[in-house]
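Undergrad: Sequence:
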Amino acid sequence: MILFHVLLALSAATLASADTLINTLQQNGFSDFASIYQDADPSILSSIDVGSNFIIYATNNTQSAVNSTLGRRRTTSQSQRAAMSSVQNTASSSKKLRFKRQQANSPAAVFQSLLSDPDIVNLGPGVNQSLVEKPVGDAGVPTVFAGAGKAVPVVGDDIPFDAGVIRPVASLLEIPGAIPSTLSLFPNLSNLTALLTQSNLTGPVSETAGITVLAPEDSAFAAVNISALTDEQIVGILSQHVIVNYVGYSPLLKDGQVLNTLANDTITVAVRDSGVYFNGAKVTASDVIVENGVVHTVASLVGSGDGENPPATGAAGRVGLDLKTLGLGALSMAVAALF
15 MILFHVLLAL SAATLASADT LINTLQQNGF SDFASIYQDA DPSILSSIDV
65 GSNFIIYATN NTQSAVNSTL GRRRTTSQSQ RAAMSSVQNT ASSSKKLRFK
115 RQQANSPAAV FQSLLSDPDI VNLGPGVNQS LVEKPVGDAG VPTVFAGAGK
165 AVPVVGDDIP FDAGVIRPVA SLLEIPGAIP STLSLFPNLS NLTALLTQSN
215 LTGPVSETAG ITVLAPEDSA FAAVNISALT DEQIVGILSQ HVIVNYVGYS
265 PLLKDGQVLN TLANDTITVA VRDSGVYFNG AKVTASDVIV ENGVVHTVAS
315 LVGSGDGENP PATGAAGRVG LDLKTLGLGA LSMAVAALF
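For the sequence shown, my numbering begins at 15 and goes up steadily by one.
Please note: incorrect hints may appear among the correct ones.
[Claimed, not checked] In silico lysine to aspartate or glutamate, DMTMM-like type, Cα no more than 20 Å apart, as pairs: (1) K164 - D152; (2) K164 - E188; (3) K164 - E231; (4) K268 - E246.
[Stated by the list, open to error] Restraint-style ranges between C-beta atoms, simulated for each label pair: (5) K268 - I240: 27 to 35 Å; (6) Q126 - G289: 22 to 30 Å; (7) P132 - T244: 35 to 43 Å; (8) G151 - V285: 18 to 26 Å; (9) I240 - S198: 18 to 26 Å; (10) S45 - V285: 39 to 47 Å.
Everything labelled a hint here was simulated from the structure, so no lab data went into it. Glycine is no exception: its CB is placed at the ideal position from the N, C-alpha and C atoms.
Please model the entire structure based on the sequences and the hints provided.
TA: Printed below as a string of structure tokens:
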């Protein structure tokens, strides 16, 4: 009981002494990062000032110097950078100040940021851009997934300010880009990139709000003789790899979920000790955030709703899929939906 009162007193003292975001950044070696907010649209700081339970993903002055040359080459505005770095932890009580250390293997979470610019966010009406924070590697290091497929580790303890905490990270968070430009960053997805262009799907996939793209690795296409397929058949295959009306960030995926695809078919999610699967296709890399959703890389092509399921335990093997399994029965509906 004595310990409880001591901790309560310490919490109250921390709350009383917490300063504004800008002052706290400047007093703790984050003055370069503070200048991003000072140069940004004032409405961003105003939103933080009147809110609570914010998490600010910040780089200290040393890390900012390392990133400065790269930063000058980007077209990202300070307002976009500040908005993407500011998320609200709505799972926490609005009356409770979070100032705990981010522990290894902390639960994965999806946080919605303040980034709402319609020119670069297309998740549906009134939906801001999100990011994912989850443990990575054997050590379970808390890591942030934002744009450009980059995984940015958390590198320090949370620092409290009057509306939440500053969470030190290793580098500035990237602004999510369009699907074509994002896929081009991954050499192992070159077949998918080429096929999207060949089938004139690049535009529709980039412009559809709130989607999840299952991106097959180049080796996955060995299961089908792509060169023998028509463009319409390719549309049918690729459409089965686009989940519509659902942004499936990895922390949101549940075993047994049934999700609709652009091919007017369904995909079933399986969560196993060995990983996450979509109709038997194992996810090999997850949470590449894009303007209109999220991309997960998969090891094999995704079959239709009646495709093979993954094993109960252990890793899933690559499945050879015929054209029927790949969902070409829904081809005409997929083409109609796209064009």
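Undergrad: Given a hinted range of 35 to 43 Å, is it respected by the beta-carbon distance of P132 and T244?
TA: 36 Å, holds
Undergrad: Starting from the hint 18 to 26 Å, judge whether the C-beta atoms of G151 and V285 obey it.
TA: 19 Å, holds
Undergrad: Hey, K268 versus E246, does the alpha-carbon distance stay inside 20 Å?
TA: 32 Å, violated
Undergrad: At the C-beta level, are I240 and S198 separated by a distance inside 18 to 26 Å?
TA: 19 Å, holds
Undergrad: Hinted pair, alpha-carbon criterion (20 Å max): K164, D152. Please report holds or violated.
TA: This hinted pair holds, its Cα atoms lying about 18 Å apart.
Undergrad: Please test the hint of 22 to 30 Å on the beta carbon pair from Q126 and G289.
TA: Given a distance of about 26 Å, which is inside 22 to 30 Å, the answer is holds.
Undergrad: Verify the proposed pairing of K164 with E188, using a straight-line Cα cut of 20 Å.
TA: With a Cα-Cα distance of about 8 Å, the restraint between K164 and E188 holds, given a limit of 20 Å.
Undergrad: Does the hinted range 27 to 35 Å hold for K268 and I240 at CB?
TA: Given a distance of about 32 Å, which is inside 27 to 35 Å, the answer is holds.
Undergrad: Measuring from beta carbon to beta carbon, are S45 and V285 in 39 to 47 Å?
TA: 43 Å, holds
Undergrad: Does E231 lie within 20 Å of K164 when you go C-alpha to C-alpha?
TA: 18 Å, holds
In summary, the structure is inconsistent with hint 4 from the numbered list given earlier, while agreeing with all the others.
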